[in-house]
Every structure is written in C-alpha cells, then in structure tokens.
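Peer 1: Going line by line, the protein sequences match chains A and B.
The letter at position 207 of the first sequence is residue 208 when you use the numbering used here, and the numbering goes up by one with no holes.
The letter at position 35 of the second sequence is residue 36 when you use the numbering used here, and the numbering goes up by one with no holes.
Heads up, a few of these hints could be off.
It does not matter which identical chain is used: a pair holds within one copy or between any two.
Below, a list of computed lysine-lysine pairs in the BS3-like style, where the Cα atoms sit at most 27 Å apart [said to hold, decoys possible]:
id: 1; residue 1: K48; residue 2: K72
id: 2; residue 1: K39; residue 2: K72
id: 3; residue 1: K39; residue 2: K64
id: 4; residue 1: K64; residue 2: K192
id: 5; residue 1: K260; residue 2: K271
id: 6; residue 1: K260; residue 2: K64
id: 7; residue 1: K271; residue 2: K192
id: 8; residue 1: K254; residue 2: K222
id: 9; residue 1: K23; residue 2: K183
id: 10; residue 1: K271; residue 2: K254
id: 11; residue 1: K23; residue 2: K255
Hint data in this document are derived by calculation from the structure and do not stem from the laboratory.
Here are the chains, one letter per residue:
Number of protein chains: 2
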Amino acid sequence: MIVVLGASGYVGQAYAACLRAKGVPFVGLSRSDVDYTKQETLTAFLKETRPEFLINAAGYTGKPNVDACEKDKANCLQGNAVLPGAVRAACTAAAIPWGHVSSGCIFSGTRPDGQGFSETDAPNFSFRQNNCSFYSGTKALGEEVLGYGVTGADETGVPQWNFLEGEPNGYIWRLRIPFDNKDNPRNYLTKLMRYESLLDATNSLSQLGEFVRATLECWEKRVPAGIYNVTNPGSISTHEVVALIEETGVCRKKFQFFKDEADFMRSAAKTPRSNCVLRTDKLRDAGIRMSEVHDAIRQALREWAR
Amino acid sequence: MIVVLGASGYVGQAYAACLRAKGVPFVGLSRSDVDYTKQETLTAFLKETRPEFLINAAGYTGKPNVDACEKDKANCLQGNAVLPGAVRAACTAAAIPWGHVSSGCIFSGTRPDGQGFSETDAPNFSFRQNNCSFYSGTKALGEEVLGYGVTGADETGVPQWNFLEGEPNGYIWRLRIPFDNKDNPRNYLTKLMRYESLLDATNSLSQLGEFVRATLECWEKRVPAGIYNVTNPGSISTHEVVALIEETGVCRKKFQFFKDEADFMRSAAKTPRSNCVLRTDKLRDAGIRMSEVHDAIRQALREWAR
Numbered sequence: 002m003i004v005v006l007g008a009s010g011y012v013g014q015a016y017a018a019c020l021r022a023k024g025v026p027f028v029g030l031s032r033s034d035v036d037y038t039k040q041e042t043l044t045a046f047l048k049e050t051r052p053e054f055l056i057n058a059a060g061y062t063g064k065p066n067v068d069a070c071e072k073d074k075a076n077c078l079q080g081n082a083v084l085p086g087a088v089r090a091a092c093t094a095a096a097i098p099w100g101h102v103s104s105g106c107i108f109s110g111t112r113p114d115g116q117g118f119s120e121t122d123a124p125n126f127s128f129r130q131n132n133c134s135f136y137s138g139t140k141a142l143g144e145e146v147l148g149y150g151v152t153g154a155d156e157t158g159v160p161q162w163n164f165l166e167g168e169p170n171g172y173i174w175r176l177r178i179p180f181d182n183k184d185n186p187r188n189y190l191t192k193l194m195r196y197e198s199l200l201d202a203t204n205s206l207s208q209l210g211e212f213v214r215a216t217l218e219c220w221e222k223r224v225p226a227g228i229y230n231v232t233n234p235g236s237i238s239t240h241e242v243v244a245l246i247e248e249t250g251v252c253r254k255k256f257q258f259f260k261d262e263a264d265f266m267r268s269a270a271k272t273p274r275s276n277c278v279l280r281t282d283k284l285r286d287a288g289i290r291m292s293e294v295h296d297a298i299r300q301a302l303r304e305w306a307r
Numbered sequence: 002m003i004v005v006l007g008a009s010g011y012v013g014q015a016y017a018a019c020l021r022a023k024g025v026p027f028v029g030l031s032r033s034d035v036d037y038t039k040q041e042t043l044t045a046f047l048k049e050t051r052p053e054f055l056i057n058a059a060g061y062t063g064k065p066n067v068d069a070c071e072k073d074k075a076n077c078l079q080g081n082a083v084l085p086g087a088v089r090a091a092c093t094a095a096a097i098p099w100g101h102v103s104s105g106c107i108f109s110g111t112r113p114d115g116q117g118f119s120e121t122d123a124p125n126f127s128f129r130q131n132n133c134s135f136y137s138g139t140k141a142l143g144e145e146v147l148g149y150g151v152t153g154a155d156e157t158g159v160p161q162w163n164f165l166e167g168e169p170n171g172y173i174w175r176l177r178i179p180f181d182n183k184d185n186p187r188n189y190l191t192k193l194m195r196y197e198s199l200l201d202a203t204n205s206l207s208q209l210g211e212f213v214r215a216t217l218e219c220w221e222k223r224v225p226a227g228i229y230n231v232t233n234p235g236s237i238s239t240h241e242v243v244a245l246i247e248e249t250g251v252c253r254k255k256f257q258f259f260k261d262e263a264d265f266m267r268s269a270a271k272t273p274r275s276n277c278v279l280r281t282d283k284l285r286d287a288g289i290r291m292s293e294v295h296d297a298i299r300q301a302l303r304e305w306a307r
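Looking at chain A on its own, in the form it has when it is part of the complex (with noise of 0.2 Å):
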C-alpha cells in the first residue's frame, strides 16, 4: 500500500489516478482523519498502518496563483517548507521510502552556460538570492529542510547542491508548470487561454500524467535517493505554445502578448515569476522517458478535454 498526502490537490488527484490505473493499492490521507502536518501523528500512523511507500503531494501553491502566497505567508511556509522536513523524520522513524513534490520555480532563466539547470545547481530563485516570489522561497527553503544545501560552486561559478548529511534517503521530484489534455484552472494550457494577455518566456513544463508516471518509476526501479528534475526534456516558449494551440485549433481567440517582463510586472504580477529551463538527463540515465516537450504539448492539445 502507498501513501498519498495532499490527495484532493491538483497533482495528487492525478497520482490518485494513476495508481488506481495500475491497479497499485494507496490511501489518500486527508488531515482531517490523519494530522499529518504533526510528525508525531504521522510516525505513529505510518508505524500502524506501514506502507511500503508515502509521497508527498500536499503543497500550498496559491489559488489562483502565486500571488496568494504573498498573502498567506505563514500557511506556505508551513505547506512547503515545515511539512517536507515532518513527513521525512516520521517516514525515517517509520523507516518508509518516501518520495517528494518539489518544483523547477526554485530557477530562473539558465546557467551562465546557456544549458538548463541540473539536480546539482543550487536554486537561483530563493530567499537565499533575494529575488524571488514568497512561494519559490519556501519551496527552495523545503530543499533546505530536506537536508540540501550550497557545497561550493562548480568550474562556471554556479554554486552547487548537495544533500549535507550523508546520503540522502528518499526523492525530491521537481514538477514544473504542470499541465495535461483536461481543461482545469490548474493547467497551464487553460491558463494560457484564459489569461488576457502572455507573457513570453521560455521554459521546461512537466506533463502532469508523465510527471506522475516518472515518478512512480523513480520508486518502482528503486533508482538511487536524491533530486530529479522531473520535467518533459527540452523547452518550449509561450508563442510556440500558442502557435501550437491555434494549429490544433483548440482555441480560437487571438492572443495578447506583453510587451516585456516589466510590463507584465506593472500590469499583472504582484510578485516575479520563474521562468526556466532544467535538464533531465539525469531521469533519462536512470532509464525513465518522458516525452520532449513540444510532442507532449501537441498531444495533450490533440486531446484535448473540456
């Protein structure tokens, strides 16, 4: 049996789906019948019921964007910063593998190389750097508390990530801009349509039924304990993803760009927003495939589902 936390949300509905799929038992844990933001709680019912396996989808991401976090402050750090560090001392105490929800929004832009980040770049996106949303923060801060930090800086100057305290003992996935083929104002191609007006950018997205899939992988080839950026390889601007949903013909509307970061901050943004691109051969040489970005979009608006 696999645990699920956070469950109702929009990444663990798709792993509550996925698992159902395969046919693989796991319980949704909902707070209201297991505290599992308190470590005491969540050792003691992991120690009862002993799954073989716990992720972590529970977050606290901002509806109906990240804005909201700056506004709730204290409710993110607890969603993304404190419960990461509870859910792995009790799944330690338990002894139960665990798996995390992390996320690519701890980046922006790409290394001095030009290349996207690796799992060792430490995050340019965090309170640490002083740049970011109040949301990425925390999610850079949960990394933290999962046991990572800066360990010097690699030949190019980007300062590295490394798990401090040993070897790590279970996986951080890093979701990013997830989205599939069902329209939900958690998908970033509903989001795309609904906006007035896009910002362009160019970034790495996780299609949310591979993301998942990936995941389940990482736990089912038992595949070494640490970070992955979990995202569909290569990347992809937003007027080729609009070029791609006017060519499927899913929506018709014409699309309003800003004229540049600046001008999205003005008119439509309280707090920055990441925009980036990872890479992802460290899940490819683990033996997982997602699909390259551009195909996954196109699929995705091929079927798409209202």
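Place chain B on chain A using the hints.
Peer 2: For chain B alone, kept in the frame of chain A given last:
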C-alpha cells in the same frame, strides 16, 4: 487575564515571574492543553476565554546553542516563522491585542554610519542576505510573516523595514542575548563563564527582567503598535563583560579568547553568529526606560545567584 505562549521557556518563565509579582492574572498556555500551533484551535480558545492581551514567548532557539537549529530546520521554521503568523491571525480573528518576542540576532555589526540599527532598518543577517545561521533566518522570516518587508532605502543606502499592510496591529519586541543574575545555561553570563574560549565582539544585550518589564509597559502604556528594540541602551564588548566578571569576583577563572571570528568559526561554531548593536531611542521616546548596559551587567553580577 493575559495569555503567555511558551511560558515554560527561559523567556516565558520570566514573564510568568513578572506577572505573578505584579499580581496580574495570566495563563501560561501549554501545547498539551491547547495546541496553539493550530490557528483555528488558538482562535477558538481566545474567543472563548477573551484574554485582554497575548504574549508569544514561544520560539525555537536550539539547545545548547544556535548550532542545534541547523539540525532541526523544520521545527525551527515552525516555531520562529510559522507560529507567529498563526498567532497573529488568531489574535486578529478574536480581536485580542498581542506582542511577539522577536530577536535582535537578525542584524550583524552596525549601520554603515557607525550607528546601531533602528527599527526601520531592514535585517541584514537573514536568508535574504544569505549570510546567516538558520536560526536568524527563521527569526527574520518571522517578522516578514508578521507583515514587514523592505520598502526602499534611506539616504545612507540602508534598506528600510516597514509594515506592508496598513497599520501594524501588534508589538514585535526584539530581545538580544538575554542575561540576568541567576546562573542558568540560557543566561549569557553563565555561557561566558562556562565556554572554554570567548569571541570578542560588541553587542547590545537585554537584561531579561528589564526586557519583560519594558515589554509589559508597552502594553500597559498603550504605546503605538510596531517593532521595538528592547535592549539595554549602549553596547558592550565581550572583554568589557569579562572585566566586570573579574572585578566583581563572580568567577575567578582565566578567560581565553579566540584570535578572531575565523578562529572561532573554525574551532567552535557550525554556523555564523550575529553580533550587533541596536538603537533603543524608539523605546525611550515611548517613555520606557532600561538601565545602561554596563550598569545592568554590573548589577546582575553583584546580585549573582547560583
């Protein structure tokens, strides 16, 4: 009736002693009675009992010292950054005025103009500056969670720290290296006498009993809500404190000093320490007096009790 959170801690016990001596009725809330870390639970308790004031003296400090916080990041964040937010939200919901014990350890050194830091200077020893211990990071984040943030810089270039949401509705009292006349592992004077070697640094300090009395006066006199540095006026170096220890004969050992901060970090510390000077004119101008720091140290040593 006044509610004190964290009444069993070093600071909380001093509140309990002071309120008892004043004959002010109070309840030292314990988490096993009322889980005040849950916003709804605390709100319900406050609505039912309707105290006239709430003091949050709960916090996570690390034992025996701040290095321990590096090993328990989730609980440190919970106690110092999430809990203050829950307390403020519950007090707001129940319309109960409140005061929170923050820390001066979110600063390092002095301002560029050589002055101590005032309440409107932004913390310079914090996650945002990426130079701090995890403990200091969480305390500065706690003030962010309570509604403060950077709003530009003053004429000397020091970033300014202001309440971002209208008018502040509670007190933030900054304590700094507490001491008193009672031998205790949390007492700065005890620490100095027990450490093998000392780091020479100039600091503002808070005589614990005076801190508690001054903060209660804030409430009694209804001084305006907001941040107050509650330290004994002036600053003092470790060498000066040691000279007073020797002068009063409280401890006759030969005190050793580290060569410099690098030597200290190499041989004794896991994480950087805050050493800083705070201005105290805001408290004084509000009509609340504390004794000069050398006088306060001398007094504590004269009345030293093992």
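Peer 1: Hint by hint, note whether the structure agrees.
Peer 2: Now for the hints, and whether the structure bears them out:
Taking the closest pair of Cα atoms, K48 and K72 come within 27 Å of each other only across two copies (23 Å); inside a single copy the shortest separation is 37 Å, beyond that limit. With identical chains, the CA atoms of K39 and K72 are at most 27 Å apart both within one copy (24 Å) and between copies (18 Å). Proximity of K39 to K64 under the C-alpha cut-off of 27 Å is found in both arrangements, the shortest distances being 24 Å within a copy and 21 Å between copies. Taking the closest pair of Cα atoms, K64 and K192 come within 27 Å of each other only inside a single copy of the chain (12 Å); across copies the shortest separation is 48 Å, beyond that limit.
Taking the shortest alpha-carbon separations for K260 and K271, only the intra-copy value of 17 Å comes in at or below 27 Å, while the best inter-copy value is 48 Å. In this assembly of identical chains, the alpha carbons of K260 and K64 lie at most 27 Å apart only when taken from the same copy (25 Å versus 53 Å across copies). For the homomeric pair K271 and K192, the shortest alpha-carbon distance inside one copy (17 Å) is at most 27 Å, but the shortest distance between copies (46 Å) is not. Proximity of K254 and K222 under a CA criterion of 27 Å is satisfied in neither setting, with 44 Å inside one chain copy and 62 Å between copies.
Taking CA atoms no more than 27 Å apart as the test, K23 paired with K183 passes inside one copy only; the shortest distance there is 20 Å, against 64 Å between copies. Within a single copy, K271 and K254 get their C-alpha atoms as close as 26 Å, which meets the 27 Å cut-off; across copies the closest is 58 Å, which misses it. In the homo-oligomer, the alpha carbons of K23 and K255 never lie at most 27 Å apart, since the shortest distance is 40 Å inside one protomer and 71 Å across protomers.
Violated hints, in rising order: 8, 11; the structure is consistent with all others.
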